Every structure is written in C-alpha cells, then in structure tokens.
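Colleague: Read off the chains here:
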Amino acid sequence: MLKYIVKRIGLAIVTIWAVATLTYFLINMVPGGPFLSEKAVSPQALAALEAKYGLDKPLWEQYVTYMTDALHGDFGDSLKQRGRTVTSIIATKFPVSAKLGGTAVIVSLLVGVPLGCAAAMNRGKALDNIISVVATCGIAVPSFVICTVLMYFLGVHLNLLPTFGLTSWKHYIMPVISLAFYPTAYIMRLMRSSMLDVLGQDYMRTARAKGLSQKVSIFKHALRNAILPVVTYVGPMLAYTLTGSFVVEKIFTIPGLGGEFIGSITTRDYTVIMGTTIFLAALMVVMNVVVDIVYKIIDPRIKLK
Amino acid sequence: MSEYLVDIKNERLSFFTPAGEVKALNDVSIHLNQGEVLGIVGESGSGKSVTAYSLMGLTAHPGKLIGGTIEFNGHQIHEMSEQEFRKIRGNEVSIIFQDPMTSLNPVFTIGNQIEEVILLHTDKDKKQAHERAVELLTLVGINEPEKRLKQYPHELSGGMRQRVMIAIALACEPKLLIADEPTTALDVTIQAQILELMMELKDKLGMAIIMITHDLGIVASMCEKIAVMYGGRIIEYGTTDEIFYEPKHEYTKGLLKSIPRLDAEEHERLVPIEGTPIDLLNPPKGCPFAPRCESCMKICLREMPPVTTFGDIHYTQCWMNQKAQMEGGATNE
Ligand SMILES: Nc1ncnc2c1ncn2[C@@H]1O[C@H](COP(=O)(O)OP(=O)(O)OP(=O)(O)O)[C@@H](O)[C@H]1O
Ligand code: SF4
Ligand SMILES: [Mg+2]
Numbered sequence: 001m002l003k004y005i006v007k008r009i010g011l012a013i014v015t016i017w018a019v020a021t022l023t024y025f026l027i028n029m030v031p032g033g034p035f036l037s038e039k040a041v042s043p044q045a046l047a048a049l050e051a052k053y054g055l056d057k058p059l060w061e062q063y064v065t066y067m068t069d070a071l072h073g074d075f076g077d078s079l080k081q082r083g084r085t086v087t088s089i090i091a092t093k094f095p096v097s098a099k100l101g102g103t104a105v106i107v108s109l110l111v112g113v114p115l116g117c118a119a120a121m122n123r124g125k126a127l128d129n130i131i132s133v134v135a136t137c138g139i140a141v142p143s144f145v146i147c148t149v150l151m152y153f154l155g156v157h158l159n160l161l162p163t164f165g166l167t168s169w170k171h172y173i174m175p176v177i178s179l180a181f182y183p184t185a186y187i188m189r190l191m192r193s194s195m196l197d198v199l200g201q202d203y204m205r206t207a208r209a210k211g212l213s214q215k216v217s218i219f220k221h222a223l224r225n226a227i228l229p230v231v232t233y234v235g236p237m238l239a240y241t242l243t244g245s246f247v248v249e250k251i252f253t254i255p256g257l258g259g260e261f262i263g264s265i266t267t268r269d270y271t272v273i274m275g276t277t278i279f280l281a282a283l284m285v286v287m288n289v290v291v292d293i294v295y296k297i298i299d300p301r302i303k304l305k
Numbered sequence: 001m002s003e004y005l006v007d008i009k010n011e012r013l014s015f016f017t018p019a020g021e022v023k024a025l026n027d028v029s030i031h032l033n034q035g036e037v038l039g040i041v042g043e044s045g046s047g048k049s050v051t052a053y054s055l056m057g058l059t060a061h062p063g064k065l066i067g068g069t070i071e072f073n074g075h076q077i078h079e080m081s082e083q084e085f086r087k088i089r090g091n092e093v094s095i096i097f098q099d100p101m102t103s104l105n106p107v108f109t110i111g112n113q114i115e116e117v118i119l120l121h122t123d124k125d126k127k128q129a130h131e132r133a134v135e136l137l138t139l140v141g142i143n144e145p146e147k148r149l150k151q152y153p154h155e156l157s158g159g160m161r162q163r164v165m166i167a168i169a170l171a172c173e174p175k176l177l178i179a180d181e182p183t184t185a186l187d188v189t190i191q192a193q194i195l196e197l198m199m200e201l202k203d204k205l206g207m208a209i210i211m212i213t214h215d216l217g218i219v220a221s222m223c224e225k226i227a228v229m230y231g232g233r234i235i236e237y238g239t240t241d242e243i244f245y246e247p248k249h250e251y252t253k254g255l256l257k258s259i260p261r262l263d264a265e266e267h268e269r270l271v272p273i274e275g276t277p278i279d280l281l282n283p284p285k286g287c288p289f290a291p292r293c294e295s296c297m298k299i300c301l302r303e304m305p306p307v308t309t310f311g312d313i314h315y316t317q318c319w320m321n322q323k324a325q326m327e328g329g330a331t332n333e
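The listed protein sequences correspond, in order, to chains A and B. FYI, our numbering numbers position 156 of the first sequence as 156, with every residue one higher than the one before it. FYI, our numbering numbers position 259 of the second sequence as 259, with every residue one higher than the one before it.
If you're looking for bench data, these hints aren't it; they were derived computationally from the structure. Take the hints with a grain of salt, since some may be wrong.
[As the list claims (entries may be wrong)] Incomplete in silico selection of chain A near chain B, CB under 8 Å:
no. : residue
1   : Thr206
2   : Asn225
3   : Lys296
4   : Asp299
[To be verified] Straight-line C-alpha distance at most 27 Å; calculated DSS-like pairs for lysine-lysine:
no. : chain 1 : residue 1 : chain 2 : residue 2
5   : B       : Lys64     : A       : Lys215
6   : B       : Lys64     : B       : Lys285
7   : B       : Lys127    : A       : Lys220
8   : B       : Lys285    : A       : Lys215
9   : B       : Lys126    : B       : Lys87
10  : B       : Lys285    : A       : Lys220
11  : A       : Lys220    : B       : Lys87
12  : A       : Lys220    : B       : Lys257
13  : A       : Lys305    : B       : Lys147
14  : A       : Lys303    : B       : Lys150
15  : A       : Lys303    : A       : Lys220
16  : B       : Lys87     : B       : Lys204
[Unchecked claim] Not close to chain A: a few residues of chain B, all C-beta gaps over 12 Å, as computed:
no. : residue
17  : Ala19
18  : Leu120
19  : Lys124
20  : Lys204
21  : Ser295
Keep in mind that this is a model prediction, so the values were computed, not measured. All residues carry an ideal CB built from backbone N, CA and C; glycine is no exception.
Starting from the given sequences, assemble the full structure and let the hints guide the process.
Modeller: This is the structure in structure tokens:
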C-alpha cells in the first residue's frame, strides 16, 4: 500500500510536469503573442509590456522562472485581465463549472445506470431497443445541437426556462441536460453491455439456484460486478466535466472555467492557459487515483500496485 | 402424491430458438427414493443438465416444459411459479456446478455467500448464520473456517472452492443434491477427495444425490442407479449392476466397451462412439441412435422403439431388445 502511494505521487508529479512543459513550449511555438493582436500598440509600449511580464527573456529562462514560481504556488498574473492572478481566476470560475458539471455527472449516473441495467434485463425486447436508439443518438448528437434545440424550445419558444446565467435551480436544468446527454448515453451503453456479460456468469446461476429473488440477484450479485467499467469511465469524465464545457458555458452565458480555458487560448493569455492546463492535469491524476481506490473497494481481486 | 422423492414422468422440454424448436428432452422418466444416488451419463448435449435444471425450475430461456409431470418432495414442480421455486431452491434441493472457479461471486466473501443462503431460508439471525457457516466449513473439511469465511473466492484453491460450493448447497440440509459434473474442472487427486466427501456427507445427512457425469468410474463407485441418456432420451435405465453387467442398449454397450477395465480405481473418460450426435432441431422419426448403431434394422429408422423392461426397474428403448423379448416370450409359451 505504501509502495502504491509513493509510486502514485511520483507518477503524478512526472505527469503534471510533462503536461506543463509540453504546453509551455507548444503555446510559445505558435506564431504571435498576447499583445500582437491589439491594434494600436506602439513598439515601445509592446517592449515595455513584454519586459513587464518577462516575455523579452530567452524562452528557456522564462520556462525556468515559470516552473520555479509554479512550484511555489505562484501561477502568475493574467496577461489580459488586468490585476487578476491566475489562481484567483481559477478559484472564482472553477466552483461555477464544478457545481454544474457535478450535477450533470450525478444525473448521468442516476439515469444511465438504471436504464442500462433495464436494457440488459430486457434484452431484445422493445425497452432494450428504445434505450439503444436513445443511447446511440445521445452519443452521436454534438452538445451544441442539444443546447440550441433546448434553448429554442424550452427557453425561447415555450419560455419555460431562463436562457442565461446560473442564478436559480431553474437555470441549471438546460445546461445540466446538455452536459449530461453524452455521458448518460455512454454510461447506458457501458452498463448494458457489462450487465449482459455479468448476467451470463456462472455466479448468477448460483445466485438463482440459492433461491434468491431476481431483485437480490441483480442488486447484490450483478450490479457490483457490472458497475466496474462505469467507474473506469466516470473518473476521467468527472475531471473533464467539472472543469466545464466551453460550448455549454458559451451558449448559456455561464461564467465558468471551460469558457475561460478556450478564451485564454484565443487571446494568447499564456499564464491562464498554463494555469488551467495544469489544473486539469492535476484533477485528472487525482481522479485516476480515486478510480483505482474505488475499484479496489468494489473488487477485492484488484491489487493496488 | 408420489411415493418417490423425485418422480419425473414423460418429461418433454424444448428450447424455442430462432432456428426452430430444439427438442432437448423427449419422454424422460426418472424416479428416485430418499437417500438414493442416481447417476446420469451420456455424451455432451444429450440432455443431462437440462433434466437436472428443470427439476429446480432453472431451465434457461428459451426453454419450456411442454409435457409430462415432475414431482419432487410433494411439490408439483411442473406447475410451480418462480416464487414457489425460490422457496425450495437452495433449501430442499441444491445444486453444485461444474466450475467452482466461476460459480462463486468474486466480489463477496465466502462467509457472505454461505450465510446468505442460511439467512434466506431459515429464521437464524446473523450471528447464528455465521456459526452455522463455521459448522458447514468444518463439515466439508476446510481448516481454519473463521479465517476462510473472511476470504474472497480468488484466495482459495479450486478444490477448496468446490468444498465451499458444497457447503452452500448443504446449508439448509436439502433432500436432494444435484451435482452437475462436480469434479470435471478439478485435478484428479482433488476429484477423488471431493467425491469421497460427497459420499461421506450423503451417509451423514441422508440426502439423495443426482450425479451428472461423463466419468463411468464415478458412476460405478458412487451410484445405485444409472440413467443413460442419448439425444434427449433415457435410452437405458437400471441399477448399477444391471447397467454394467447386463447392458441392453447398443449405446450403453458401446460406452462400456470404451472402458478398458471396470476397476473403480480407474477413472476412465467416455471415449466417444463413432459418428455424430443427433440434431435435436430435426430429430429422426425412428431411433435416435440408428445412424450410429451397428445392429440397426429397417424398423429402427421408421418408428421410435418402445420401452422394453427387464426386472424391476431395468428398461431400455431399443427395437432389438423388443424383438428379442417378443420372440423369447413366444418360444417360452
Ligand atoms: N439455452 C439453450 N438454448 C437452446 N438450446 C439449449 C439450451 N440449453 C440446452 N440446449 C439444448 O439442449 C441439449 C441438451 O443440453 P444439456 O446442457 O442438457 O447437455 P448435457 O448432456 O448436460 O451436455 P454436457 O455434457 O455438455 O453438459 C443441447 O444439445 C442443446 O441443444
Ligand atoms: S432401436 Fe435399432 S438402431 Fe436403435 S439402438 Fe436398438 S437396434 Fe440400434
Ligand atoms: Mg451439462
């Protein structure tokens, strides 16, 4: 167990460092820079700006400075949003995205797992076919289409739900549906196929032969085995969803991290790009560890190593 | 109500598959007294497992009982609902499957899986169920039962897991234990131990056993009666002595010929008789064994052979025997 923890922490540091380094050099390799797009910048002002943020130094030196600061927890100031540190941007925007994304993940689990099970248990019957069609659609239709359709019908046409912001529970409905659509469909499919697999296992026959009811057989003996692939999927998916979706945040005008991330790329806000990327990588690493541990709890055969 | 513990009369069971009706069981009749051991032998696909499962209401989809009656311990099995079945499964009748590696749920402890069936069928509370589980593991010869109960299936060897399966099966002291090739997946030395254990427990607890196997050695040493199945029929039925020393059906004779010696020590596997098993989707009109039978006559191809009886329980379904008996009867008179 101790070996596992040490190994995991080591791996996490290497992963995050690699992601950070790669990102750092990639964004600097792309022509252009944070201050070039603005029209009326005189060469003197540009030089002054670059000097202020250290962009005039050789790339290597910039990199070392950035990494050293980052190690001390200082991710620098935003190059574009005057007077705001990257840390404060993440600290204000992440909770918004996380609340929305977390709700979406919970919804997708609550809907996807039972429907997937129901499809497997009614294999080949009408219910299974309906669920399969819905799942395929859910996977195929991109989220901006869902957002737009929801927005048009529920928001504009019927005027049932607010179309922007996140100020009441009603505001959550459309963004959550949009965010949860794909994962729900995916979980449904995963759950269906793994449940079918488990239902054919010998231990399910044993459960029946013991005289257990179908309910107990499914809820006790099948579900715990069948949920494992879903756990594997939900870990990384959670990391992505918590950090927000650009499309959904843009369409519903939600001030979240997803919009911030894409926004920072288009404006070449180097420090914000770096900060959000490192944050996502760290979250991903944490989620993978959580998946490992949950896996171990569910399936005693798994050894943490 | 039947005087027998198990009384299957003319059971017919088919699987209604997309390709058509698979006639898995045709006129199968079996009866068994309390405490008796019946062996069912026959090649793969002959219907051994289907017969046994139907007795517990475990027939797999799309199988359906389409004829005959099944009585067990006073229950009319053929008209029982799933709910009624649940009360007797694991309680009055239990089953041990072929592969102990996969028959236990990998994510629950041994203790949980044994106690589960006790809690389900008795009024025992958790603590009493645990005590009973310890008792059961001791009964099936597992050391350190307290420790084992906390372990997961993957931490146990194959033989040990089959012992656990037996413990689960015996938890509620069933009247009948069905063993569907209980040792096929185990090492030879472990096989002998498990069979010995089963016989020992049978003597101790007095339950009847239906032993399904490919292994004639097992049948000879364990069973009082033997049913030989072929193509979804019992083509010969009798006491172990009758089957081994006075086999009547050509298939049975072929089976016996394929064993070099009749030593109980030698656990010889059945050597398949030449030819392929019949297609249960399109069963022949006459004797199912006809295409492979060296003594096949014209009538064998045209009509199903009737039952010819010898002595109390010994019977076969074969024209040659029917003819011999009729001629014998005629000359005797
Ligand atoms: N689920 C099913 N669907 C369709 N047909 C089936 C099904 N289960 C069994 N059968 C049919 O019933 C026949 C008898 O099967 P059964 O499992 O009883 O054979 P067996 O004698 O136990 O063979 P083995 O020694 O291989 O276990 C098979 O030939 C098969 O055609
Ligand atoms: S009935 Fe005919 S074909 Fe069938 S076993 Fe007897 S002799 Fe052979
Ligand atoms: Mg079988």
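Colleague: Each hint needs a verdict: does it hold in this structure or not?
Modeller: Hint by hint, here is what the structure shows:
1. Thr206: 5 Å, holds
2. Asn225: Result: holds, 6 Å to nearest chain B Cβ.
3. Lys296: For lysine 296(A), the interface hint is violated, since the closest Cβ of chain B sits about 11 Å away, which is over 8 Å.
4. Asp299: Since the shortest Cβ distance to chain B is 5 Å, the answer is holds.
5. Lys64(B) with Lys215(A): 23 Å, holds
6. Lys64(B) with Lys285(B): 22 Å, holds
7. Lys127(B) with Lys220(A): Measuring from Cα to Cα gives roughly 21 Å; hence the hint holds.
8. Lys285(B) with Lys215(A): 44 Å, violated
9. Lys126(B) with Lys87(B): Holds. Lysine 126(B) to lysine 87(B) sits at ~20 Å (cutoff 27 Å).
10. Lys285(B) with Lys220(A): Status violated; Cα separation ~47 Å.
11. Lys220(A) with Lys87(B): 19 Å, holds
12. Lys220(A) with Lys257(B): 49 Å, violated
13. Lys305(A) with Lys147(B): The given pair, whose Cα atoms are some 25 Å apart, holds under the 27 Å limit.
14. Lys303(A) with Lys150(B): 17 Å, holds
15. Lys303(A) with Lys220(A): Between lysine 303(A) and lysine 220(A) the Cα gap is close to 22 Å, so the pair holds against 27 Å.
16. Lys87(B) with Lys204(B): Cα-Cα ~24 Å, so holds.
17. Ala19: Answer for alanine 19(B): holds, closest chain A Cβ roughly 15 Å.
18. Leu120: Violated, since 6 Å does not exceed 12 Å.
19. Lys124: At about 15 Å from chain A, lysine 124(B) clears the 12 Å cut-off, so the statement holds.
20. Lys204: 22 Å, holds
21. Ser295: Its Cβ never comes within 12 Å of chain A, the nearest being 40 Å, so this holds.
Consistency note: the structure conflicts with the earlier hints numbered 3, 8, 10, 12 and 18.
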